[in-house]
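Undergrad: Could you put together the complete structure from these sequences and hints?
One point on numbering: in the numbering used here, the residue at position 38 of the sequence shown is 30, and numbering is uninterrupted.
It is possible that some hints are incorrect.
Ranges between beta-carbon positions, derived for each pair [claimed, not checked]:
{"#": "1", "residue 1": "Q85", "residue 2": "T208", "range": "57 to 65 Å"}
{"#": "2", "residue 1": "T195", "residue 2": "K223", "range": "16 to 24 Å"}
{"#": "3", "residue 1": "K164", "residue 2": "A224", "range": "18 to 26 Å"}
Keeping only pairs whose Cα atoms sit at most 20 Å apart, straight-line, the calculated DMTMM-like set for lysine to aspartate or glutamate is [said to hold, decoys possible]:
{"#": "4", "residue 1": "K66", "residue 2": "E56"}
{"#": "5", "residue 1": "K28", "residue 2": "E96"}
{"#": "6", "residue 1": "K28", "residue 2": "D92"}
{"#": "7", "residue 1": "K164", "residue 2": "E174"}
{"#": "8", "residue 1": "K82", "residue 2": "E44"}
{"#": "9", "residue 1": "K66", "residue 2": "E51"}
Worth flagging that the hints you see were computed from the coordinates, not collected in a lab. Just so you know, even glycine gets a beta-carbon here, dropped at the ideal spot from N, CA and C.
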Amino acid sequence: MKNAVYFLVVVFLGLSFVGCTGGSLSVGDKNSSEVKESRNFFLDRISYYKDEISDLKNENLFLEQSNDTSSVGKAKHNQMIIANDLEIDKYQQKISLAEDRLDEFVEKSAGKADRTSINLYGGEPLEMAEAYATIRYADNTSGYQNAASTVSSKGLVGVVENAGNLREVVVKIIGPAAFYREFTLTARKKSPTFNIPMPGNYTATFFNRSEIRVVTKKVGPNIVYYDDEGKAYDFKATLLP
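TA: Structure below.
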């Protein structure tokens, strides 16, 4: 599901930003000024509904006090009063709904003013779309792991492998958010699986006594790497023989 959402976001934003030479992208909750602006919107609507109700009630009062005592006049006035009462009921329902939404909005906005901003230039609309989708995806991951953590059943998972048959290697993996893992792998061995905190580019550097090999892989939604048994990983780096 996340992969499908990521794909749709990239396509939608990619089309939306075609022709742009740069832009600013903000992701996250509203800042304090925007929260106040949204709250004022609700209050303005409620005030408007109350004014309409007041006008309709005044009109009803005028109709009730009318000097037209004919049967036709009374019938017409009664119809207008009934119609006004129906409108009053509708506005009262709108007020109740707006007040409920305002209460819900205020509760959800409390303490949530964090926002991430990205400035991108150079006419790359898909870069902006991908940045947006990456941040939204990262918001749903399980967070950072320390050396004592077990591998989570959720989030991104990686593995490194020494596919050679004669040598022992040390592999160091680095990535975004100061990510670092290190393993010593004997011939034809894989590391334990490990959690990855967020999408991005990750680099595995394999060391032995005589050479260094570097493998960089991209991690993100809709990117899958498979081992020779068909098991899927979000990141997999292999030292070939």
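Undergrad: When you check the alpha-carbon spacing of K28 and D92, does it fall within 20 Å?
TA: The hint holds at about 17 Å.
Undergrad: Straight-line Cα separation of K164 and E174 no greater than 20 Å?
TA: 4 Å, holds
Undergrad: Is the straight-line distance between the alpha-carbon of K28 and that of E96 20 Å or less?
TA: 14 Å, holds
Undergrad: If I claimed the Cβ atoms of K164 and A224 lie 18 to 26 Å apart, would that claim hold in this structure?
TA: Given a distance of about 24 Å, which is inside 18 to 26 Å, the answer is holds.
Undergrad: Quick check: does the Cβ-Cβ distance between Q85 and T208 fall within 57 to 65 Å?
TA: With Cβ atoms ~59 Å apart, the hint holds.
Undergrad: When you check the alpha-carbon spacing of K82 and E44, does it fall within 20 Å?
TA: Cα-Cα ~11 Å, so holds.
Undergrad: Check whether the Cα positions of K66 and E56 lie no farther apart than 20 Å.
TA: 9 Å, holds
Undergrad: For the range 16 to 24 Å, tell me whether the beta carbons of T195 and K223 fit it or not.
TA: The hint (16 to 24 Å, Cβ to Cβ) holds, given that T195 and K223 are roughly 22 Å apart.
Undergrad: Would you check the hint for K66 and E51, treating anything up to 20 Å between C-alpha atoms as holding?
TA: OK: K66 and E51 at ~14 Å, within 20 Å.
The structure meets every hint from the earlier list without exception.
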